[in-house]
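If you read the sequences in order, they're chains A and B. The first sequence begins at 1 in the numbering used here and counts up one residue at a time. The second sequence begins at 1 in the numbering used here and counts up one residue at a time.
Quick caveat, the hints were computed from the structure, so don't treat them as lab data. In this text the structure is predicted, and so the values were computed from the model without any measurement. Watch out, some of these pointers could steer you wrong.
[To be verified] Cut-off 16 Å, straight-line C-alpha distance, at most; resulting in silico cross-link-like pairs (EDC-like, lysine to aspartate or glutamate):
1. A:Lys268 with B:Glu109
2. B:Lys334 with A:Glu66
3. B:Lys391 with A:Asp71
4. A:Lys61 with B:Asp293
5. B:Lys290 with A:Glu53
6. A:Lys56 with B:Glu150
7. B:Lys335 with A:Glu57
8. B:Lys165 with A:Asp145
9. B:Lys337 with A:Glu62
10. B:Lys251 with A:Glu57
11. A:Lys61 with B:Glu109
12. B:Lys308 with A:Glu66
13. B:Lys290 with A:Glu57
14. B:Lys335 with B:Asp370
15. B:Lys335 with A:Glu53
16. B:Lys391 with A:Glu437
[What the hints assert, rightly or not] Not the full set, but computed from the structure, chain A residues with beta-carbon under 8 Å of chain B:
17. Pro65
18. Gly112
19. Gly115
20. Ser134
21. Thr143
22. Ala196
23. Thr240
24. Arg272
25. Gly296
26. Ile299
27. Ala405
28. Leu409
[Stated by the list, open to error] Which bits of chain A does chain B cover? Going by a derived footprint, with three or more residues having C-beta under 8 Å, they are:
29. 57 to 64
30. 118 to 128
31. 168 to 177
32. 329 to 338
33. 373 to 384
All C-beta atoms, glycine included, are put in the ideal place defined by N, C-alpha and C.
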Amino acid sequence: MAIIPATWDMYDLIQGFLQAPAYHLIFEALLMVLIAKLFFSKSYKPEKIRLSEKEKEVLVKEWKPEPLAPDVPDDHPALQAMEKYCVDGAVGKTVNINGKDCINMATLDFLGFIGNKEIEEEAIKALNKYGVGSCGPRGFYGTMDVHLDLEDRLAQFMQTEEAILYSYGFVTIASAIPAYSKRGDILFADEGIGFAAQKGCVASRSTVKWFRHNDMEHLEELLKEQEVEDKKNPKKAKVTRKFFVIEGIYANYGDICPLPAIMELKRKYKVRIFLEESMSFGVLGATGRGVTEHFGVSIDDVEMVVASLENSMASIGGFCCGTKFIIDHQRLSGMGYCFSASQPPMVAVAASKAMELMQNNPVMLVKLRENCERVHKAIKDIEGVEVRGSPLSPVIHLQLSEPAADRDLDMKTLLMVQDKAISQGVAITPARYLDNEEHLLPQPSIRLSVSSQLSEEEIDKSMDIIKAVFRSVLSGNTAGHGGGGDSAEAHS
Amino acid sequence: MATGRGETRTSTVENTKMSNGQPRNYTNGHKNGHTNGYKNGTNGKTNGKSEKGGRWQDDFEEYFEETPYHIAILTYLGYALMVFIGHVRDFLRYYGIEQDKSCTESNQEGFSPLLVSWESFYTRNMYRHARDCWNRPICSAPGSTFDVMERVSHDHNWNLEMTGKTLKVMNFGSYNYLGFAENKELCGRDVQRVTEKYGVGTCASRQELGYLDIHRELDSLVADFLGTEAAITVPMGFATNSMNMPALVSKGCLILSDELNHASLILGSRLTGALIRVYKHNDMKDLEHKLRDAVCEGQPRTHRPWKKILIVVEGVYSMEGSLARLPEIVSLKKKYKAYLYLDEAHSVGAMGPHGRGVVDHFGLDPHDVDIMMGTFTKSFGACGGYIAGSKRLIRHLRANSHSAIYSCSMSPPVTQQIISTMSCIMGRTNPQEGRRRIQQLKWNTRYFRKGLHERGFIIYGNKDSPVVPLLIYMPSKIALFSRECLKRGLGTVVAGFPATPIIEARARFCLSASHNKEMLDKALDIVEEVGELLQIKYSRQPVPRWTSEALEPSPE
Ligand SMILES: Cc1ncc(COP(=O)(O)O)c(C=O)c1O
Chain A
1 MAIIPATWDM YDLIQGFLQA PAYHLIFEAL LMVLIAKLFF SKSYKPEKIR
51 LSEKEKEVLV KEWKPEPLAP DVPDDHPALQ AMEKYCVDGA VGKTVNINGK
101 DCINMATLDF LGFIGNKEIE EEAIKALNKY GVGSCGPRGF YGTMDVHLDL
151 EDRLAQFMQT EEAILYSYGF VTIASAIPAY SKRGDILFAD EGIGFAAQKG
201 CVASRSTVKW FRHNDMEHLE ELLKEQEVED KKNPKKAKVT RKFFVIEGIY
251 ANYGDICPLP AIMELKRKYK VRIFLEESMS FGVLGATGRG VTEHFGVSID
301 DVEMVVASLE NSMASIGGFC CGTKFIIDHQ RLSGMGYCFS ASQPPMVAVA
351 ASKAMELMQN NPVMLVKLRE NCERVHKAIK DIEGVEVRGS PLSPVIHLQL
401 SEPAADRDLD MKTLLMVQDK AISQGVAITP ARYLDNEEHL LPQPSIRLSV
451 SSQLSEEEID KSMDIIKAVF RSVLSGNTAG HGGGGDSAEA HS
Chain B
1 MATGRGETRT STVENTKMSN GQPRNYTNGH KNGHTNGYKN GTNGKTNGKS
51 EKGGRWQDDF EEYFEETPYH IAILTYLGYA LMVFIGHVRD FLRYYGIEQD
101 KSCTESNQEG FSPLLVSWES FYTRNMYRHA RDCWNRPICS APGSTFDVME
151 RVSHDHNWNL EMTGKTLKVM NFGSYNYLGF AENKELCGRD VQRVTEKYGV
201 GTCASRQELG YLDIHRELDS LVADFLGTEA AITVPMGFAT NSMNMPALVS
251 KGCLILSDEL NHASLILGSR LTGALIRVYK HNDMKDLEHK LRDAVCEGQP
301 RTHRPWKKIL IVVEGVYSME GSLARLPEIV SLKKKYKAYL YLDEAHSVGA
351 MGPHGRGVVD HFGLDPHDVD IMMGTFTKSF GACGGYIAGS KRLIRHLRAN
401 SHSAIYSCSM SPPVTQQIIS TMSCIMGRTN PQEGRRRIQQ LKWNTRYFRK
451 GLHERGFIIY GNKDSPVVPL LIYMPSKIAL FSRECLKRGL GTVVAGFPAT
501 PIIEARARFC LSASHNKEML DKALDIVEEV GELLQIKYSR QPVPRWTSEA
551 LEPSPE
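Start from the sequences, fold in the hints, and give me the full structure.
If you want it as structure tokens, here you go:
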């Protein structure tokens, strides 16, 4: 397999070397000799301390490493979240938590494909034909006809030349960014991008310039600054690739990116676009093609669209699409593509079937939109709660409008809300983050998710419950700040 | 140590040389016959006697025959020629004399070029010629045989088209070690039931209501299977490494990584922010040297002591077929108080009398390995990975690892497949079946390796490793080998630069418990025939001694 390490930039170096004029080379050689001489004649270099073997033994004996992992107490909220709310059965329109059926407003199954019998049937057919695992990466007999079919279907649907499948959503964008953006390149990234994209930026080792979330003025400022830099060193600028890293609907905020404005900046400053559409694929646009369709922007002008199949398609995996020139490159240099087994065929088939259902019944997208608007309208007026997110977005964040200084305290309040809501039959969840790992940690929130499957009554009923729960928890809280812990226990 | 123990070892090897009366070029740890000061393990029997520590060396035999000189030279020349011709053709294409069929980026004036020029040069002029040897689509389960979809090219491999025909060939390419890729009777029904109950996805992370009761069941089953206190599972093996390592070490820590570690481990290490030092493949002397230096010298510049030191190794190396020298690594790790991260992607299920991986193979205590990682993609015929270890470690990962929070939980049918196959290996369901498969795989491995050795091929790796690399060396022969084998009904994998060192292009066979003796014989015949045709029987060493031991009849 041919995976080309980044060190092959060497080639360009050698090329440059061959093209340089002779006097230049002689000059450089002289310079190098000089530097070498300086280097070796330095006498101020501290003498390296040589330890005897005995001393080393002592050092080895004395050294005490930190423990491998910190001791996480059993009642850590993250562990509680799993153990307390372990789900029995499908995480569909309703979920069974500890024996109680709840309306599901927590998981990201926007089109209600979990529990869909047609999809399950197709998946089982694939199971009987292919078994479960693919037992190899795409390069080594892990490519199956169902993967090629799904790629074709995705490319056709998105109206791009080609699509490439990854076996896991997180890894998709995290591998796609470093496949193009290398050390020395520049990523202009929105501060609100999700964790996977952040990791992609880190893995690429490029320079990341963060602009304030959805703030086009700030972005243009940064671009102008860069333009000034570029003028100083036009040779370098010529080989420095620049990319925007943005999301269609921001998972962390529920708002939509101002794509038309970004397109303008792209053209003006010659920056390519990586658009992550995990929350907007199968949601926005008349046919569900995402934010490009929503704004009527031609997808040909966006270099690469990346989305996970784990939300609206209710499967596992992710894909990137774009021109053949761009996407094909990942087949040899997308880390998570080359070095990992391909998606299990039955999972690919499930995604394929979900796509087909969505394409054949675009009404479900209309219904989803109506449901989103209905939830938005209903949830607006809770005192003490701020609603974040576009009315078109199926992810809605409910934050406390007067956050406490202590993040944990707010989280406690939200957990209480979750507890009570679940006990009254509505499954919701706070959005989870790793506090110390995020580039910009969003405020704690309950992240509601809307499904097209919910009926109007179900929405109204769950909204009433959520509102009531918020009110009771918040009023209880103002009565005695910090007493939150006690009432949480009372309800668990 | 360096002095005391190391010297005795080397001298043991010297003795071996003399008593055998023949020079030995099988070196351990590195190829090309480089001696990296450490030549143990060339002949387990003799070494075993003078080793105090234990008896694992008795059965530890690994072979890395030196590349014959003239082959090395020819291979380099071959690459040089390809690069030269590539440049000439690029030149012709540039002036429009030869038609350029590669893709280019359209209407992007003013943008800096998207791809580095060498990469496209390589794809255009070198990879393209052999493109049909990779990404071969199949349309059946990857069992002992599979259906490869035939492809042809009408334009010198620029484009490949399907002909609509399929070829039924023996599968020596998939990582189907225990044969669970194709397994309707054993787990098909359970997986189907789970699909009907849970659907295919979960649409949520573990901490956001995506944690199902069968995930809980799987976690504890994995811990039971491996004999650790607890375990956590992740839907993708690659992500298990890249998303969990950052939770374990950070800035101020040191990672000591084997030079041949898998890309996911390298990426994971890079994302931690810790300093990474690479030691020579399986070279315990180098490892100890680096460990000792690290502990004594502390962090560069500040010389503050390291917070933690993490040794990262694989159980079976997928391109070399070698095994980690785990007993030595464990004793080093204990001596220097480092932590050990063991990736058992290719060994869990496939190695050890109980299928518990290399730890089981060497008869070690699983508690001696701090972080036991592995994947379900291979032996279990499923998808995903796990990390197993102490309760404390797993609690930390559940609460703080990237994979628990930011990504979808495991697909329920896949989860069930793992539960079913693992229960089978453990003997909880179908008591004899798991054992039988493990024994069959071991027998197949020995039989096939022995057959290749006897036929005069250069084979790398441990005699018990089900990954069998066969050295081809020359770039032009890689594609031919793959095509000729396919034509004769044998599907195998080939790999060349840059996945391997530049001169060590190779074919790789992955054995499976689903192969029977008849298939192995047929495969050996095909390799023999193709080997004659391509003149790749390079071995000039005597056949390893273990192959003369009688092999009991196949346990079929
Ligand atoms: C050592 C090692 N770790 C991790 C992986 C990745 O596993 P997966 O294919 O399940 O993503 C592989 C697979 O090739 C591997 O060889």
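Hints and how they fare:
1. A:Lys268 with B:Glu109: Given pair lysine 268 (chain A), glutamate 109 (chain B) holds - Cα atoms ~12 Å apart, limit 16 Å.
2. B:Lys334 with A:Glu66: holds, 14 Å
3. B:Lys391 with A:Asp71: holds, 10 Å
4. A:Lys61 with B:Asp293: holds, 13 Å
5. B:Lys290 with A:Glu53: holds, 15 Å
6. A:Lys56 with B:Glu150: With a Cα-Cα distance of about 62 Å, the restraint between lysine 56 (chain A) and glutamate 150 (chain B) is violated, given a limit of 16 Å.
7. B:Lys335 with A:Glu57: Distance of about 10 Å is within 16 Å: holds.
8. B:Lys165 with A:Asp145: holds, 13 Å
9. B:Lys337 with A:Glu62: Since the Cα atoms of lysine 337 (chain B) and glutamate 62 (chain A) sit roughly 10 Å apart, the hinted pair holds (cutoff 16 Å).
10. B:Lys251 with A:Glu57: Status violated; Cα separation ~26 Å.
11. A:Lys61 with B:Glu109: Not OK: lysine 61 (chain A) and glutamate 109 (chain B) at ~63 Å, beyond 16 Å, violated.
12. B:Lys308 with A:Glu66: Given that 16 Å is the threshold and the Cα spacing comes to 6 Å, the pair holds.
13. B:Lys290 with A:Glu57: holds, 14 Å
14. B:Lys335 with B:Asp370: holds, 14 Å
15. B:Lys335 with A:Glu53: Holds: lysine 335 (chain B) and glutamate 53 (chain A) sit about 15 Å apart, inside 16 Å.
16. B:Lys391 with A:Glu437: Judged against 16 Å, a Cα distance of about 23 Å means the pair is violated.
17. Pro65: holds, 5 Å
18. Gly112: violated, 10 Å
19. Gly115: Status holds, d = 5 Å.
20. Ser134: holds, 7 Å
21. Thr143: holds, 5 Å
22. Ala196: The hint holds - alanine 196 (chain A) has a Cβ within 8 Å of chain B, the shortest such distance being about 7 Å.
23. Thr240: With Cβ-Cβ at 6 Å, under 8 Å, it holds.
24. Arg272: holds, 7 Å
25. Gly296: Hint on glycine 296 (chain A): violated, closest Cβ of chain B at ~20 Å, above 8 Å.
26. Ile299: violated, 14 Å
27. Ala405: violated, 23 Å
28. Leu409: Violated. Min distance 19 Å.
29. 57 to 64: holds (count 4)
30. 118 to 128: Satisfied; 6 residues make the cut.
31. 168 to 177: holds (count 5)
32. 329 to 338: With 7 residues close enough to chain B, the hint holds.
33. 373 to 384: Since 0 is below three, the answer is violated.
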